[in-house]
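Asks: Here are the chains, one letter per residue:
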Amino acid sequence: MIAIADLVKKYGTFAAVDGMSLTVEPGEIHGFLGPNGAGKTTTIRMIAGLLQPTSGRVVVNGHDMAANPEAAKSSLGFIPDRPYLYEKLTAGEFLRFHGGLYGIDGDGIDGRVREMLDLFELRRWEHELVESFSHGMKQRLVMAGAFLHRPRAVVVDEPMVGLDPRGARLIKDVFRRMSERGVAILMSTHTLEVAEEMSHRISIINRGQLIAQGTVDEVRGLAGGEDHLTSVFLKLTGGGGLQEIDEAV
Amino acid sequence: MNAPFTFLLAPHLWSMRNRARRRERGDLLRASFFGVIGLGVCGALFLGAFWLTRQLAAFEEFGDYLLRLGLSWLFLTFLGFLAFSGVVSSLSTFFLSEDLRLLLAAPIPQGRLFLARFARTVGQASWMVTMFMTPVLVGVGAARCAPATFYASAVLTVVPFATIPVAMGAGATLLLVNVLPARRARDVLMLVSLLFAATLVLILRFIQPERLLRVESLPDIADFFANLQSPVTPLLPSFWAGESLFAELQGGRDLLHGAALWTTALACTVLLSAADRRWHFAGYSRSQEAAKARVNQLKAIDLVARALPLSTVQRQLLVKDAKVFLRNVSQWLQLLPLLALVLLYLYNFRTLDLERIPYMSGFLKNVYALVNLAMAGFVLATVAVRFVFPAVSSEGAAFWIVRTSPISLRDFLWSKFWTGLVPLLVFIEGLTVTANELMGVDPFLKVVAAVAIAFMTVALVGLAVGLGARYPRFGADPTEAAGSYGGVAFMVLAVLYVTVMIVLLGWPSSMWLFSRFRGIRLSSVREVFLIASFVSAAALSVATSWFAMRSGVQALERMNR
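Heads up: the sequence lines are chains Z and U, in that order. Here this note's numbering is used: the first residue of the first sequence is 1, the next is one more, and so on. Here this note's numbering is used: the first residue of the second sequence is 1001, the next is one more, and so on.
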């Protein structure tokens, strides 16, 4: 479970995240939507323990991220928007190292690494250097790392960027299976179709504040019963600019 | 994480192993080139230290005194360097390194992460000092026929000696990052550390250590060393390290200073660890904030570019390259040590005392003019490989913008050529003309050198831009690009080219000067040879530049296929 309460992050006088509260229950896929600069990545970084909140609380599986970061991180998987990988390591070496960070070593690690490489269709490249990987392969390798230690909660920043349709389908299947096993997934995305298709609940944020939350149908209701999530999103986040674009073009 | 902190160093060790295992094209050439240079430098340091220690041994007690002082000064010189290096390295390892996102999101106990990062910082900040000190200390030990314990003691001395200033530097960084955003702090620190390095070179130059080699200045030596003494010296780790090693050289032990080194190093590590526990996360959080530095609009560049007779595309490429370069502090800061070296170079020519050999001074001055030309050629090659060769690589991931725009790749590459040529030509012409003026060389040679260096600049800039386009390293740091296969190939070709040019210019110039000194008129055959040599040098320069550029354009065009 992921729970954030009254989370604030300020840069000087500018509040990137302003009093955000949110709960992702076990087994739930929670879509986290918002326009560029709304504060999604900042929120996700605070949940992952990469950024210190100005105030508020982040709790992962009952562990407070500020008070007990190691325990909170042990049960969390983090998939960043831009996958950082050690370019001169092989895929296998990277996952073994990643496993070591989460205390998986000895006999168990090799089997688990192969399992993850199989799951993310990377087994053929186990002994290839990461620098020779395409963006999609790197993305899948990062996900393999994030799920390697069997996290009970996962935060994902833009999971589908750079993936081909097969890769995207694979990731969706993995997320669904993880959710069926009780993993709480908070997924930030710009792809509204993905959010609509996969999320049990969604949250829409704008200017650092939560402006809508609920199931897709509930959020549609908030926007006056619009059919498409895109229209709901634009209505809630101020999409009037589209008309101006029409005029300008 | 249950593993010891050394596990966190594994990715770097595995990466190094993988890099060593998987050979890339040009590895052998690169390894041979840098290996020969490295061995040459180590050999020179060893021989220098060996020779000097042997010379000092001849002066018995005074020699011992100088050696003891010299060891302390050797360590003192590096103390400041290590502290600055610690500041800059820790900024990267503790706050800016990209793998921190992975590591900080993992459940790693903070103490272990600290130890791993600190070990990496010490290694990163001190490897150059260690590489430099090893041949020097081995040279000193060999000259004094030191026992094996001297070498073991040297290792046990250098480790805590390096740890102390690096820990202090890392502490300063921790403080600074909590005050300034890290990216801004890095710019400030790089400026300070490079100014420090440049000042050090200049100070060393202006205290004129070469005067110690002159017999007539022997009475000044005591004053010279007295000036280097200071009341705070015994409180510094450099003094403790020097004393420990000197005791070993004498066949004794100095446990007091050895213990002072180790206890201080451990205390620094413990204190830094506590400070890290308290302030690291806050600093790391701040380091992710975008640098709120004011963006300098650099309007002067727009104005200058507008005044130049360039097409719109050429003008925009020029403005873009100039602004990108000037806004990247770490790039242009590297010009500071270069400036220091240039001042040093000119200062050396100014102090060159050729009048001590009166009958030869006229001839020597003119030989030095050719040496100056060769040196200027090598300086030019070094500057070109660092600043001009990476011109295409520096487009990085944004190169698609140029490739998808309606610009011919030929225009693009020639724009890079002109952007590199103009500043380099101004710089190197200034250097050559000033040096020849300071030496008072023959007017004929002044003209030859001034024209020749212009042709050499055209050739080397063309070669650098062309090879840089042929062997680009998109996304690599410019320093990495300069050390790549293409960069090394450029250096090899540049050295060959400069050598050929010196032969082509030196032979006819000397012939002409000899004939003038002796008052003999050159035969017409020799005159033809003289003109043919100069024309060949000019043709070689133009051809080198043109073929390299053509090859570069072709290589860029092949990328689109």
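Incorrect hints may have been included.
To be verified - As a list, the in silico EDC-like pairs of lysine to aspartate or glutamate whose alpha-carbon atoms are at most 16 Å apart:
#	chain 1	residue 1	chain 2	residue 2
1	Z	Lys88	U	Glu1098
2	Z	Lys172	Z	Glu131
3	Z	Lys138	U	Asp1099
4	U	Lys1320	U	Asp1254
5	Z	Lys88	U	Asp1411
6	Z	Lys88	Z	Glu126
Unchecked claim - To be clear about the criterion: a stretch of chain Z counts as covered by chain U if any three or more of its residues have a C-beta under 8 Å from a C-beta of chain U, and this derived list gives those stretches:
#	stretch
7	41-49
8	69-77
9	101-112
What the hints assert, rightly or not - Which residues of chain U face chain Z? A few of them, derived with a C-beta cut under 8 Å, are:
#	residue
10	Asn1002
11	Asn1018
12	Asp1099
13	Leu1104
14	Gln1288
It should be emphasised that the hints constitute simulated quantities derived from the structure, not laboratory data. Remember, predicted model here, so these are calculated numbers, not experimental data. C-beta atoms are modelled at their ideal positions from N, C-alpha and C, and glycine is treated no differently.
Asks: The structure should be examined with respect to each hint, and the outcome stated for every one.
Replies: Outcome of the hint check:
1. Z:Lys88 with U:Glu1098: holds, 14 Å
2. Z:Lys172 with Z:Glu131: With a Cα-Cα distance of about 25 Å, the restraint between Z:Lys172 and Z:Glu131 is violated, given a limit of 16 Å.
3. Z:Lys138 with U:Asp1099: holds, 15 Å
4. U:Lys1320 with U:Asp1254: Violated: U:Lys1320 and U:Asp1254 sit about 60 Å apart, past 16 Å.
5. Z:Lys88 with U:Asp1411: violated, 36 Å
6. Z:Lys88 with Z:Glu126: holds, 13 Å
7. 41-49: It holds: at least three residues are needed, and the stretch 41-49 of chain Z offers 3 whose Cβ sits within less than 8 Å of chain U.
8. 69-77: holds (count 7)
9. 101-112: Held - the stretch 101-112 of chain Z has 4 residues with a Cβ nearer than 8 Å to chain U, which meets the minimum of three.
10. Asn1002: holds, 5 Å
11. Asn1018: holds, 5 Å
12. Asp1099: holds, 6 Å
13. Leu1104: Holds - the Cβ of U:Leu1104 comes within 8 Å of chain Z, reaching about 6 Å at its closest.
14. Gln1288: Where the cut-off is 8 Å and the nearest Cβ of chain Z is about 6 Å from U:Gln1288, the hint holds.
The structure is inconsistent with the numbered hints 2, 4, 5, although it conforms to all the rest.
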